[in-house]
Structure formats: structure tokens, C-alpha cells
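Chemist: Residues per chain, in single letters:
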Amino acid sequence: MSERNVVPDVHRRMKPGPPIFGLMAEFATPAELLHATRRSVDAGYTKVEAYSSLPIEGLAEALGFRTRLPLIVLIAGIVGALSGFFLQYWISVMDYPLNIGGRPLNSWPSFIPVTFELTVLFAGVTAVVGMIALNRLPEPYHPVFNVPRFELASDDRFFLTIEAEDPRFDPEAVRGFMLGLGAAGVYEVQH
Amino acid sequence: MAPSDDFSRRLDGIQRYALLAAAGGVVLCMAGLVASPERFFESYLLAFLFFTNISLGCLGLVMLHHMTSGKWSYSIQRFAEAGMRTLPLMALLFVPVVIGMSDLYPWMHADRIGETAGRKVLYLNQPFFLGRAVFYFAVWTAMAFLLTRWSRAQDGDGSPARTSALRKLSAPGLIVYVLTATFAAVDWAMSLEPGWYSSIYGMLFVVNQCLGALCVLILLLRCFASEKPVADIISPAIYHDLGNMLLTFVILWAYMSFSQLLITWAGNLPEEITWYVRRLDPGWRMVALTLIILHFFVPFMLLLLRRSKRSPEILWKIAAGILVMRLVDLTWNIEPAFHAQGLAVHWLDPAALLAVGGLWAAFGIRMLKGAPLLALRDPRFRIVAEPASGTPHG
Amino acid sequence: MHEEERLVNVHPPEPLIREGNTYGSVTRKISGAVLTRRTPRGWYIAIAAGFLLVMVLLAAVSYLFVRGVGIWGINIPVGWGFAIVNFVWWIGIGHAGTLISAILLLLHQHWRNAINRFAEAMTLFAVSCAGMFPILHLGRPWLFYWLFPFPDPMSIWPQFRSPLIWDVFAVSTYATISFLFWYVGLVPDLATMRDRAVHLWVKRFYGVIALGWRGSARHWHRYETAYLLLAGLATPLVVSVHSVVSFDFAVGIIPGWHSTIFPPYFVAGAIYSGFAMVLTLVIPVRAMYGLQDFITARHMDYMARVMLATGLIVAYGYVMEAFFSWYSGSPYERYMMVNRSFGPYAPVYWMLILCNIVLPQLLWIRKVRLNMPALFVLAIIVNVGMWLERFVIVITSLHRDFLPSSWGMYYPTIWDWATFTGSIGLFIALMFLFVRLLPMISMFELRQLLPWPSGNGNGQKGGGA
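Read top to bottom, the protein sequences are chains B, D and Z.
The working numbering puts the first residue of the first sequence at 1, with every later residue one more than the last.
The working numbering puts the first residue of the second sequence at 1001, with every later residue one more than the last.
The working numbering puts the first residue of the third sequence at 2001, with every later residue one more than the last.
Keep in mind the hints are simulated off the structure, nothing from the lab.
Watch out, some of these pointers could steer you wrong.
As the list claims (entries may be wrong) - Chain Z stretches covered by chain D per the calculated footprint, using a threshold of three residues with CB under 8 Å from any CB of chain D:
1. 2131-2140
2. 2252-2264
To be verified - In silico EDC-like pairs for lysine to aspartate or glutamate, Cα to Cα no more than 20 Å straight-line:
3. Z:K2203 / B:D155
4. D:K1120 / Z:E2224
5. D:K1120 / Z:E2019
6. D:K1071 / D:E1271
7. Z:K2029 / Z:E2019
8. Z:K2203 / B:E139
9. D:K1228 / D:D1155
10. D:K1168 / Z:D2301
11. D:K1168 / D:D1157
12. Z:K2203 / B:E151
13. Z:K2029 / B:E151
14. B:K47 / B:D170
15. Z:K2029 / B:D155
Where a beta carbon is used, it is the ideal one built from N, C-alpha and C, also for glycine.
Please put together the full structure from these sequences, using the hints given.
Modeler: Below, the structure is given as C-alpha cells:
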């Protein structure tokens, strides 16, 4: 299976840098992928990435990855709350004070609902935009898509790449390492 | 798994302290009853409602547990059962409230109430009030009794039919609980100001009861976490779930309290807003602010953090803090009816709390004895000796 | 989270996904319903019906634009008629979607994974239908943007003490967040569609909206974080939205509107009607596309139970309304209840009690919950009941308030009915377009329900779900 996908390296770019993006191993189950990821990190590889069609618990931890997203969302929520309240305060008390039904100018109980909605709006939009931006999406082109088998990554196969930029990257050693992990196939990923 | 001797001794010790506290409280209350009877009844009503609310919250949570089969509620089921078994005691402790009725409830005096409140005499009159109270306690005691009895019988026979019976009781039981608790709240607390009404009040009381009970149950779980068989199941995940439930109830409290305030404040009708005018006037304003900050913002922020939910050491402190705020909230809720001018703490307040609370705790601890701290043979749950590993989603 | 679980909840016997399904079969069956399977005949019938009713809606709205709101039955004293009834009804229906996708996610109720996508789409379309009505009711709908605070030349600002302005913020936030939640949930599945599509343009279509998703572990981690955060935000949001809707009424002092129980009681009613609508849609679509593998009897049972439970909370609301109208001691409040039960609109009130409280009690019986035709009929009855509830709240409270000399009656016109049925058509059309164009069940979330397959490699074995 693996031979079929090894594309001859004829399109070598003139730019300096590694000739290929990296090597990709294919696995049949999430457990194998998780195991292989852990082993790769343990073996000292740093440019490791795993691909799957479902979130796999423990995978991000195995890669030593954490996200700052919750903090960003919290800040956005606080900004939303403050701007929501002060928008209303500024309009009702400072810019155009108007007596309505004898209510105080700063009718704070009435200002709570909009304050709350804007908190959620700011935080929610930030969660989504932040996730997409931090993931550097939309990204229509990515080298991994050059591997034909990779279209199964959104179905029922599981993939692991070790990228050529990894200081310890050596094509033959990595190929051997991947096969040793029980990969069902190892493919070169072209740029 | 019979409870160990060590454990029994520990319970005996706690029970002794509780009884001692109760004895002290009762003596002080007696003195207070002679010195200023009116003030005694006010303090007593507060203490009575505070602990009755916790017992009722336990009843609600036990039935909720049977309906939802949650792991978090499994861990506190037996403590909650003990809590709800104090309801017969609370029925007995209702007697002083009955004695002090004419001091407490303005509608007992037809000449003292306004025209609007006068139209409610069909509901607010002594015989009906007493009849309802008897009915509530009878229903609550019966449900608490059956729920405990069947669950303990299952400890013996492990029959799945018991679970099914418990569920069959809990489904309508929850409806009955919510309705009776609502009307009890109207009778005992809302009618202190007979002109005022608010239709969310009963639901708010139910939420308060569950919140208060949950705090007590978290404290108990923390206290007995090292005892078998609780020690076999306790894990950060269970505290996490309990913390999330606590967060939910804190949010519900804030949501319902704020809804009531906003609707009343915006409507600004004389028979409604007076309730808030008293409670937001300078004398009580600081208490209201304290509630907003310490009953909502602080626990809310703390409970958003994963760390504080997963650590029993942090969680029990939050629970204890909320429990104190429950007392402050109840005080703010009922005391302005007697002291419109502002918060007036009297030495009888702690004395009554000590008396009622001591008896309540002693009785509750007694109810903890004689059965394991978990419903070990409930077929819905299995305790594994070795932790299960590798579950893709826990 | 991989941690010590020393207490195990023994699962009920029926599985959430029928035996024999794998990651691959999930992909094939769900993406196939869009990409390869022949469109079932029922779909054509439904979309045709929806399309016809959309035409009715367009006609009704066009005439409204030409003549103004006078074509409706509204007048003094009943200035709020069908438009507001429909608005509240639709927005309530939307709430089950958020409940299923957000609250049940937070509660670890894995059965939601089979129906959340569908329910979220329903939310989105229901909110679209809802948002239309207040704008149409404005009189000059083309000036709807005056509701937002913007520095206009007349330096006039919205009046933030009015719940109608809170509504603008609540509903637009809700629409935005619901859309984001739904779209974010779709992205990984769109990548699957892109990879499975055969035709170039179909591939490009899904490719563009999939944003280049490639399922990398780091992406998944951020994705799940964002998804959970959104769920945490959407949960209080959904409660706030219907509470704000209830404030539209409760903040006024009209008897029958001014009641503090309104916020939680409206929220429960919203979820009640929303679950009824999910069932109304899922039962036929499930049969049409043969999705019994993923939407099992257990799902139906759970949804029916949630419906029963929320229905009981609504019943509690009715009891409180009735009791406190008497307990208030106010003659106006008391008369409101008398008028509701015995006045000119009494039949509507008793129909509502029948539809919302009496008949749904059949759901206590397990056999009824598992009988699809019976459940379908009950769901429709609840939908009707909830619409009647809003009718009773809006119309009976307004038509007789404080001063008998200003009492009046309200009769809807043909244009009221046309706009209402037209909005149902819009909803049906959008719903069935969604079913045809996008994966209606979340594939990646269903895969999470399957036990980890044991590999023949040297990887560890994963435990079952």
C-alpha cells in the first residue's frame, strides 16, 4: 500500500529548505494513533502532528499542547460587559438625559439585560473567531492534502506526520520508526 | 459493609457536641422568651425556616437523584436522606411558631391589615394555616420515610424493583414537593407582609432550599470522605460535578432574585414595590449589596475555575461561605418585615440558631447511623475496585 | 479526561447507536443521505408544501408593505396580536435546539449527539421566523435599524428602560450565537463532505465552507475548547432570551402580564414547545431517511420525558398564575383570571389546558413514548397548545384591562393567518433544504459515541463507551 503513494521527488523547489514537507504514517484506530503520538514525542521529535476525524482525548496532552483561548474569551466577556453597561449609562445619563416614567437616569436594573447580552455576544464571537484565527483557518492549501490517502482522515483512518523541519528529521530513520509503530502505510508529503 | 466502630464513635462525638449546643441554645431561648417574647419569636422563625429549608432541599435532591441517576447525587444520597429524615423533628419544632403566630403574622389581627390584605382572609386565617402546615409535614414525612425505607431495604435485597418503586414515588413526589414547598413559603414567609405577593417566590424558595441543602451535603461529604465506603468512590470528578451543581443553583438564585426585582421595580406598583423599598433603603442596603457580591459574584467567579471545583479543600470553603450567605439572604428576606429600619442583630438570633440547629444536627446524625454511607446495592451503580481506564469520554 | 473513575453508572440496555456501526458506516450513511442517496419522495412533497406557503408569506408581507398594519386584526385595546403571539411561539421553539446542543453537552448527556445538529438548525430557522414578526409589526419595517444605538443626525437614542429594546439585543445576540454554534459544529463534517464529494463543484462548495479543516490534533483541541465555551455561554443566553421575551409582558402592569413567575415559566414553556417541534420534525425525517440506527427508540423516549418534565413546570406556572391572581387581592388581577376562564376567549383557555396539561400526561406511559404515531400526534398537540398559551396571554390580558369602557374584542384577519401559516412554510422549506444540503446528524460527534475499535497493531486497546 505504501509504495503506491510514494511520489517521485521530481518537483523539488529551488527555494532552500527541506525538499519535502515531512512523512506521514497511517493508522487504523484512534488508540494506535494516540500510542504512536506519545512514542514520537518520547522519541524526541518536536514537529509532530496527528490527524483524525474525531477529537481524541489525550492527544493534545500527548503533544504537550495547551490553548490560551479561555483567557481570551474571558477578557472579551469582561470588555463586553463593561462596554454594554457604559453604552447605556452614557446614553441615558450623560449624552441625552431624559425623564422616563420618573425612573432614575441611571436605571441600573433595566440596564442589566443588555449588559448581559453584550457580554455573551462579545465572548461568543471571540470564542469562534479566536478558535479559527489561532488555528490559522481558513487555509485552503496545506501540504498534507497532497497525500491521496489523506482524504480518509475525515472518515475512518488516522494519520501522524513528522515534519521535515524537525531538527531530528531523517527520512529513513523516521520511516523505520513509523513502521515500527505499526503504521499501515508511510507516505512522503510533498510541499 | 457495616459501618465501623470508629465511624460510630465519630458520629457519637458529633452528636454529643450538637446536643450540647442545643442545650445551651434552648436555655438562652428560654431566657429570651421571658425577657422579650416578641423578639424571641422573630429569631426563632428565622432559625426554624433556615433549617427546615435545608431538610426540604435534601428531600428534593433525593428525589432528583432517583430521577436522574447521577453519580454526583449518588455520593450524597445517604447524607441527604438523613437530612430529610429530620422533617418530623421540624414538625415538632413548628409548635413555637404556632404559639408565636399572633406576634409574627399581622393577618392574625383583622384591624391591623390593609384593605388589600383583608381580601385574603379566606386563605390567611389561623385554622386553615394550621391545617395546611399539618398537611405539608404529613406529606413530607411520609415521602421521606418511604424513600429512606425502600432505599435501605435495597441494601438488604438488592432488588431492582426497589429502584423502580423509588422512581415511581419520586416523579410525582417532586411535583408534590415543589407545590407544597411553594405554599409553605407563602404561608410562613411571604404572609409576614400580607399585602405583598410575588408569583416567583415559591420557585425561588425551592431553589434556595436545594442550594442550602447542597452546601450542607458537600460539607458532610468532605467531612466523611475518608470513611468507607465513601472513600472507595470519591474522586475529583465527583467534586467537580457537585461544584457544577452548586454553580447552577447559585446562578438560578441570582436569576430568579433578579427577575423578581426587575419586574417589581419596573412595575413600581404600591402593593409590590414596598417590599423592596424596605429592603433597599439605607438600613438594609448594605445587606443587599453583600448578597449581590458574596452570594453571587464571588462564588460564581470561584466556581467557574476548574481547580476550585476539583479540590475538596477549596470546594468545602465555598460551600460553607454560600451557606452563611443563605442565612443572610433569609434574614434579608424575612426580617425587614419586623425591622423596617435596618438590620438589627439580637443575641437571640444566634441563640435560636444554636437551639434549632443543634437539635437538627443531633437528629440528623442519628439518622446517618445504621446504614452504609452509600446505597451499595443500587443496581444503577457499580463501584469498581480498580479505576476504569481508557474510556474515551468520561 | 483520563482520570480515576471509581464509580460506574450502569448503562441502560438499549445502545445509543445500533450495533454494527463503525466510523466508516457513520460517514457513509450520513454523508450519503446528502451526496449519493436518492432524494426520498417525502422530501419533494415537504419542500413543495413549504415553497407554496412561502409564496403565501410573500404575498401577505407584500400587501402589508403596501397597506400597513391595518390589514391585521389589531386595534385599540389589542395592539399586540398575532405578530407577537407568533414571535413568542417561534422563538420558544428555537430554544430546544440550544438546550439540546449546549445544556445537554455540559451535562454529559451523550444521547444529544444524534439530534443536536438537527435541533440547532431548527433553532436558527425558528429564530429567523421569529425575528420577522416584530419587524413587520413596526409599521415602517424598513426603519428597523432605528432600534439599534447608532449616532443618528437627530441624536436620538434607544430607550434602554424598555424591554422591547432588550429584545432587540437578546434576539440578535441569540441569532448570532446560534448561527456560530451551528456553523462551528458543522466545520469538521463539512471537511468530510468535501473529501467524500465526487463532483468538482460540490467538492469546492463544501471545501470553501469547511475552511480547510484537516483534523489536526491541535486544531481539535482549540475546537473543543471553543465549543465548550460556546455551550457555556449559550446556556445562560437561552435562558436570558426567553426571560427577556417574558419581560416584554411582565414589566408592564397589565393584569395577566405583570407576574414575577413569568421568566422561568416562559423558559420552561419555550423548551416544552421546542422539544415538541423537534419531535414533530424528527419523527418523519427519521422514517424518511431510515435513520433509526442513530436516532434510536431511546432518543425518542428521552425527548418525550424532557417534554413531559418541562410541561409540568409550565403547569406549575399556570397554577401560580391562577393562585396569585387571587392571592394578590387586587380586583383587576382576580377579574383577569375569571375573564380568562369564563370570558369570551374561555374556549381558547380550556383548549390550551387540554393541549398543554391534560393530554401530555399520556407521556407518563412508556408505551406511548415509544409509539411513534402517538408521540407525533402529542407533539403536534403541544405545539398547538403552546401557540394557544401565547394567544391567551397576549389577547385576553389586553382586551379587558382596568376600565370596562375601553374593553374590546380582537379578531384575526385573513392576513394574520396568511402571515402565520406562511412563516410555517418558510420554516419547513428551510428545514428541508438543510436536510438536503448539509449532514443532518453530526458525524464527528456520533463517532465519539462508538467504542474505540481494537486495532491489530501494537496500540493500546481503548475502553468502551
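Chemist: Does each hint hold? Answer for all of them.
Modeler: Here's how the hints hold up against the structure:
no., hint, verdict
1, 2131-2140, "violated (count 0)"
2, 2252-2264, "holds (count 9)"
3, Z:K2203 / B:D155, "holds, 15 Å"
4, D:K1120 / Z:E2224, "violated, 55 Å"
5, D:K1120 / Z:E2019, "violated, 62 Å"
6, D:K1071 / D:E1271, "violated, 45 Å"
7, Z:K2029 / Z:E2019, "holds, 14 Å"
8, Z:K2203 / B:E139, "holds, 16 Å"
9, D:K1228 / D:D1155, "holds, 15 Å"
10, D:K1168 / Z:D2301, "holds, 17 Å"
11, D:K1168 / D:D1157, "holds, 19 Å"
12, Z:K2203 / B:E151, "holds, 12 Å"
13, Z:K2029 / B:E151, "holds, 17 Å"
14, B:K47 / B:D170, "holds, 13 Å"
15, Z:K2029 / B:D155, "holds, 12 Å"
Violated hints, listed in ascending order, are 1, 4, 5 and 6; each of the other numbered hints is respected by the structure.
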